[in-house]
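> Protein sequences appear in the order of chains W and F.
At position 422 of the first sequence the residue is numbered 422 (my numbering), and the sequence of numbers has no breaks.
At position 154 of the second sequence the residue is numbered 154 (my numbering), and the sequence of numbers has no breaks.
If you only want the chain W side, here are some residues facing chain F, beta carbon under 10 Å, derived:
{"#": "1", "residue": "C150"}
{"#": "2", "residue": "G152"}
{"#": "3", "residue": "T419"}
Derived from the structure by calculation, the hints contain no laboratory data.
Quick reminder that beta carbons are idealized off the backbone N, C-alpha and C, glycines included.
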Amino acid sequence: MRRIEDYGLSQKEYQHILETLAREPNDVEIAMISVMWSEHCSYKHSKSSLRRLPTKGPRVIQGPGENAGVVDIGDGLAVVFKMESHNHPSAVEPFHGAATGVGGIVRDVLAMGARPIALLDSLRFGDLSEPRVKYLFSGVVSGISFYGNCIGVPTIAGEIYFHPCYTQNPLVNVMCVGLAEQRHLKFSKAVKSGASLLLVGSLTGRDGIGGASFASETLSEESESKRPCVQIADPFMEKLLIEACVEAAKLDTVLTIQDLGAAGLTSACSEIAAKVNKGVRIDLSRVSVREKGMSPVEILLSESQERMLLVVERGEEERVESIFKKWGLRAARIGEVTDDGFFTALYDGKIVAQIPAALLTQAPLVELDPTPVLLSPSCVELPMPRNLEEVFLELLASPNICSKRYVFEQYDHMVGIDTVVRPGHDAAVLRIKGTSKALAMTAECNPFYCSVDPYVGAQIAVCEAARNLIVVGAEPLALTDCLNFGDPDKPQVAYQFEMTIDGMRDAATALNIPVVSGNVSFYNETEASRVHPTPIVGMVGLIEDASRICSASFKNPGDVIVLLGPMSDDQRLCEYTRLIHKIEHVLPPKIDLELEKRVQRCCLNAIKDGLLNSAHDLSEGGLAVGLAECCIFGGIGAVCELWNDSRADFLLFGEGQSRILVSLVEENLERLIQLAKNENVPIAVLGRVTGDRLVVKLNGRKLIDQPVRKIKEVYESSLQRLVNQ
Amino acid sequence: MRCAVVVFPGSNCDRDAFHVLKNVFGLDCHYVFHEDTFPPNEFDLIVLPGGFSFGDYLRAGAIARFSPVMESVREAANRGKFVLGICNGFQILTESKLLPGALLRNKNLKFVCKDVHIKVVNNATPFTCLLERGQVLRMPIAHGEGRYFVSKDELKEDQIVFQYCDERGNVTEDSNPNGSFLNIAGMTNERGNVLGLMPHPERCCEEILVNTDGRKIFESLITHFVRRQEHEAN
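Make the full structure from the sequences, and use the hints.
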């Protein structure tokens, strides 16, 4: 027999198993426990910290704990969403790693009884000048394109950042949003004893065995040899599964649906059983396998993709099977729900495993041992660049700021014909056919802020995601997160994680945005480097009146340009200090949650009152880049005059928070000023939309004067140039 | 006008086409599953929608042409019924030899999704009868295999219905998004009742989606259909 450590179990964990079972586990059982107790499946390092996040709200139908979060959007409809990582697989096999990442999260949404309607991706890579990074980048983008396009779910938003800390360990986080009629939603509480378990979709093969454990280790030179742990993607099969599951979800006799992801059948069955204190009894001989001679362990742990488990009322199996048959899919009754609380697996008529289902899903939690990390200085003295216009152009071309058009044009972002605001803006917007409503969605995290101060960085991630929704006219509904960190057993990582949770909690509480689902990905490190703490925040907002959607682009000559929020000269960490001065270790911008709240409320009210022609969140690159983007999107120029005694470079490029750039007809200005006054929000008139150049003057001196055509060219061609270099 | 939208396994623009025909144009619209067949007079317009029929793992449209429904589509086409193949539908039409030529991998080998401009080359078809020759439309494309190829002796000039062009209608290499032969974006059969189109007219038929240029193709079809009926009644 293999040693306990080979299964990735500690002596303490093994003792717990012995005490619970009152016997030694057999080989099949210990393999099942070992995978289920991996960090990836058990969340043993993060579970207790995650409980600090706010998860309740008047619209929340389902918070964390099911396959995805569910939020009420009225009209009997619900929006369902979740984000998940596929970092490790993408590090060794970028194409299939990313593709199966898309597939997995789509099935989570499908399992709730929803039709997937949108995908978002948050990606992190090393420096594009490295050949391996180019390979990873191209592979990941092609994988997402291959899978998302085929299944007909539009990829409508996302974000990409580049930094050397992601060279060996890229991050691939995928968010899926679904739409469901509330009466068709599926929850695990509907599971009852005697109900049948139907395994549908692909054949079960030997691929991806141990994938969950692989994702729960740090990457090393041996990781290359783990390539067989990466599953193979079959988007066509997924597309059929989507259609069949959406149809099946309409039947009340389908009690619940569970996707097969990490730890395959073992995880799916034990989740179904343990959540309602039941058991399952399955016959592995009934599982359709891809090849002969698969052992019980292999069948139980296979992570073959594009499979789902349906719990169906006894006697109603045929009706459900016929739906899958119509789509050319297999459906096999492999067992049933029992009363005894045990996960019982049979093979060739013999019991091969029999352990409490709850033992599988409740790994002993591991306490974090955080050690505070010394914070960096709040600011440093920097020389003033001679030519700010050159700095401006350099920033526009920075891969962290420039347009990601090169990427999102490889994704079908229009299929479904609901995409009203396309990728590349603060948030994407989908109308909901048959209603007057629309949904806005975004994913956001500046990892540079998080690396220096994870508490503030996490707050900013939440605030900025919310601001991205506000500027299109949406009320934030709820958020999902994907928390990417290094090895949690290391005290610094534990500290970063705890601070991040606190930051998210405080910002989400202040803005009243519950966390309804999420995912934690630890062990994103190699011997050489560790990723920055990267808590990606995915957020969905509701627009009640789809005729009042706002966008970032300047619209009409003569419109007044106004800044909502402080005209700050925040001299802290920003893309400008990183790119031009190579300074990364100063504190990130300050964030005042009360001010943030007021700025957001003021902007949303102004949009709802129809006062604004455009609104754009100021983020990386500050005011100057924000202005440039409004001009580029609108294909029209602007002239702005600032009167201020602060440093010109930080006025232009500083990343002070809680700021929104808007434009409006002059007649509405008085009303906007009144709104801002009521909310105690600073407001400043900067200039006008006009001509075909962007001109920015400070105290009467021209700092920027560039044709929009040129800045558009710089902004839109940069990424492709870096990839092809 | 009674319309059918064919659903192949892997079709993913079927519901979009259905929505536009039914809810935007108020037409009588039905889904037809790929395993089903129908009598040739059953539908006046048959749409083969976009998507990845059978995953397009072999060659786009290569498997779909063997579906039983394609026999019915062929017969309906022979009777002069309208057949509109959009994107994957266009690929299926060339694979089925209902249209000449073939659609190859895009020149840059990448999937491309964006708005393009197309120019009306032939307005003497039922699909373009309300359009002017030389008129420029803006329409989204979304495909990985859209590079149209046809040998010169297979091609009759008036079968080209749309060409990729720039905003002002110039047919240039820069405005060709996939490397198509002669910038071809849309082709018809000799009789003019079957149209294959790489751009997606169903994606630009509603005000809320900003662009409504796609309406003109469906409006042309409806107008042509009504005129023909009036003509036959007389």
